[in-house]
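Visitor: Let the hints inform the model, and build the full structure from the sequences given.
Start counting the sequence shown at 325; every next residue gets the next number (this note's numbering).
Rather than coming from a laboratory, the hints here were simulated on the basis of the structure.
Note that CB positions come from ideal geometry on N, CA and C, so glycine has one too.
Among the hints, erroneous ones may be present.
[Said to hold, decoys possible] Computed beta-carbon distance windows for the label pairs:
1. 457 - 368: 41 to 49 Å
2. 372 - 428: 40 to 48 Å
3. 372 - 500: 42 to 50 Å
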Amino acid sequence: MDGETTGRLFYLVLLLLAVGGYVIVEFRHRMGQTLRTAAAWGLIFVGVMAGYGLWNDLKTDLAPQQMISEAGEIVIPRAEDGHYYITLAVNGTEVEFMADTGATNMVLSQDDARRLGIDLDSLVYLGRAQTANGTVATARVLLPQVELGPYRDTDFAAWVNQGEMEMSLLGMEYLSLYRVEIAGDRMILRR
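Guide: In structure tokens, the structure reads:
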């Protein structure tokens, strides 16, 4: 441990001794009741922490996900933030995209490109794209296989963004392969 960590640990032990000493002196005649109350609050705290830890698992189970209708339509629900998120299988790896009708191409974030096995150091960033954050450099890649539900496309061109992106974008080059309908809070893709 370094000096800063030791100092913090010493401070926390000192604080715990001060608070613990106060509790013992103040509640010495009602120690049983105090311990029951402390145990109840401890269980509440553990329950809140467990709920927080499981929230991502619960959220995906409770939130509507994209689905394929019997007619072969891909139905994507609108997320709480107003966007449509579409999960594609790219070379067998699931990648979540934000549908962006204002974007021309499929644009991969560097994290997603890395997950797909694309060597970022070997890319040549010759392309330029105008974004809300200004001009960014892009590199063209060819994706051997892109799947959405029952539909499969091969050798699909995408661009890896050299700038920071929270997630990959699915632009009109891919979306135009489908008839896109937005009805209420759903995006429906048909071929």
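Visitor: So, for every hint listed, does it hold in this structure?
Guide: Checked hints:
| no. | hint | in the structure |
| --- | --- | --- |
| 1 | 457 - 368: 41 to 49 Å | holds, 43 Å |
| 2 | 372 - 428: 40 to 48 Å | holds, 45 Å |
| 3 | 372 - 500: 42 to 50 Å | holds, 47 Å |
This entry satisfies every hint, going by the numbered hints stated previously.
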